[in-house]
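Trainee: Listed below are the residues making up each chain.
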Amino acid sequence: MKSIDLEAQGLRELNITLQAQSEKIEDDSWEIINPKGSHALAVGLNAPIEVAINGSTGYYTAGMNQQATVHVKGSAGPGVAENMMSGKVLIDGDASQYAGATGQGGLLVIKGNASSRCGISMKGINIVVGGSIGHMAAFMGQSGNLVVCGDAGDALGDSCYEARFFVRGSVKSLGADCEKKEMRPEHLEILKELLDEAGMDAKPEEFTRYGSARNLYNFDVDNAGAY
Amino acid sequence: MCGIVGLFIKDPSLKPKLGSMLNDMLITMTDRGPDSAGFAVYNDDGSSNAKLTIQSDNAAEDFAGLDKALSDATGTAVSMKVVDTHAVLTVDASKLADARKALNEINENIHVMSAGESIEIYKEVGLPVDVAERFGLDQMSGSHGIGHTRMATESKVTTNGAHPFSTGVDQCLVHNGSLSNHNSLRRKLRREGVTIESENDTEVGAAYVSHQMELGSTLGEALESSLDALDGFFTFVVGTKDGFGVVRDPIACKPAVMAETDQYVAFGSEYRALVNLPGIEDAKVWEPEPATVYFWNHK
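Chains as they are written, first to last, in the working numbering: chain A, 1 to 227; chain B, 1001 to 1299.
Please note: incorrect hints may appear among the correct ones.
Said to hold, decoys possible - Here chain B is said to cover these stretches of chain A; the calculated rule only asks that three of the stretch's residues, wherever they fall, bring their Cβ under 8 angstroms from a Cβ of chain B:
id : stretch
1  : 73-82
2  : 91-97
3  : 162-176
Because the hints were derived from the structure by calculation, they are not lab data. C-beta atoms are modelled at their ideal positions from N, C-alpha and C, and glycine is treated no differently.
Starting from the given sequences, assemble the full structure and let the hints guide the process.
Mentor: Right under this line is the structure:
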């Protein structure tokens, strides 16, 4: 394992070094020490490497990730795993607002809680949250799965397209055009796989599925008030 | 974008270190607000005295002989400690209102930053590191303090546009965000006799909270009603003589992190501001919920 001390080496060297692994893998396991809430740690990675961050982070951790596994051993600030394409981002603590925003692939696991706008405009990413999530989660979510082992806040799935939402606890309110759905065997299977991969101790049968009512796909003047 | 930091000391042995801890937190938030900075420090010495913290752009001239002039005008002892562009005038608490009135008559170019038994507010244009150094923040002690680094959006970069704003005795408020109904609310508050000095949106928020408290609300109730009265984005941190409160608007897009240990409660716009606090590794760290009032009190 190679170690990078953020305080000594600085953010630019850290990201250049990790991004260079896409050309040639020097080591498949890295650790970042002294993160101290810094922004934009381990962004733009594109190699099958493991990166452990030993502490809490600030804005935009592991943004645009491809292939890499990034493990934050603390909590993450706003915009963690934004626009992830593939790979895995694991947060031991909580995540701040818009975790996994616009993500197109890969798996984001948040062991604690996620705050507002988790999975906003998700486009294929899978997000598993061990705790609860805040308001406006998965706003305009297009595809992918958002799994919440705790509760969801206001306006879950507002204006969503084909993203699926699985919530074990309560939902404070559903957003426009989001509705409760039937849990069919194929959904239980997807959910089981995601829970297993995320290492969450929860039974798929305990969850409720939500998704788009598909009434707002095309403009209809009768729905003008809902837009 | 602006940066907010706040520290509420629970363990009295940390009081002498309040300034140095707040100083570190404030400077860390420089890139959220490099144009001006300010801070309120609450330090009640237990005496029957009250303090007026004043500011002048022409301090050398305006402060010369001011203590004597004020003493003559009010018929009471006045002491003055000049700190850069600011000065702290100490008078008997019963004479605070008289002293403030007399001060305005002596020289209307002098701005009152704060008035109260415990509060002192210092704020200026410039990088937070320079502002903090000019006023010697790292040497200050106190029971709680609030700091702000400003990136101006709603009004000019001036001393009076910097935070904290104080619109009531021993009260202050700092703000990250922008209020969109501040003009109509300012007119309404002025009609009700509230003094609002600047065109800044935050001062209106502070004046609203102070006015509610004058009408009999507790700080918690005043903050609760601000959620309905104010339109816009805000994370507010407020201070009173004994307390420290936090509230975020229902959308909550302005960041906020809190930490609590047996020794303190801390607020930061970002976790970065909290990383050097003692025992932060084992602190309870959380993001305050939207539209929820948090409040801590010394008594």
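Trainee: So, for every hint listed, does it hold in this structure?
Mentor: Verification of the hints:
Interface restraint, the stretch 73-82 of chain A with chain B: holds (3 residues with C-beta to C-beta distance below 8 angstroms; minimum three). Restraint check on the stretch 91-97 of chain A versus chain B: 4 residues with Cβ-Cβ distances below 8 angstroms, three needed, restraint holds. Given a C-beta distance limit of less than 8 angstroms, the hint that chain B covers the stretch 162-176 of chain A is violated, as 0 residues qualify and 3 are needed.
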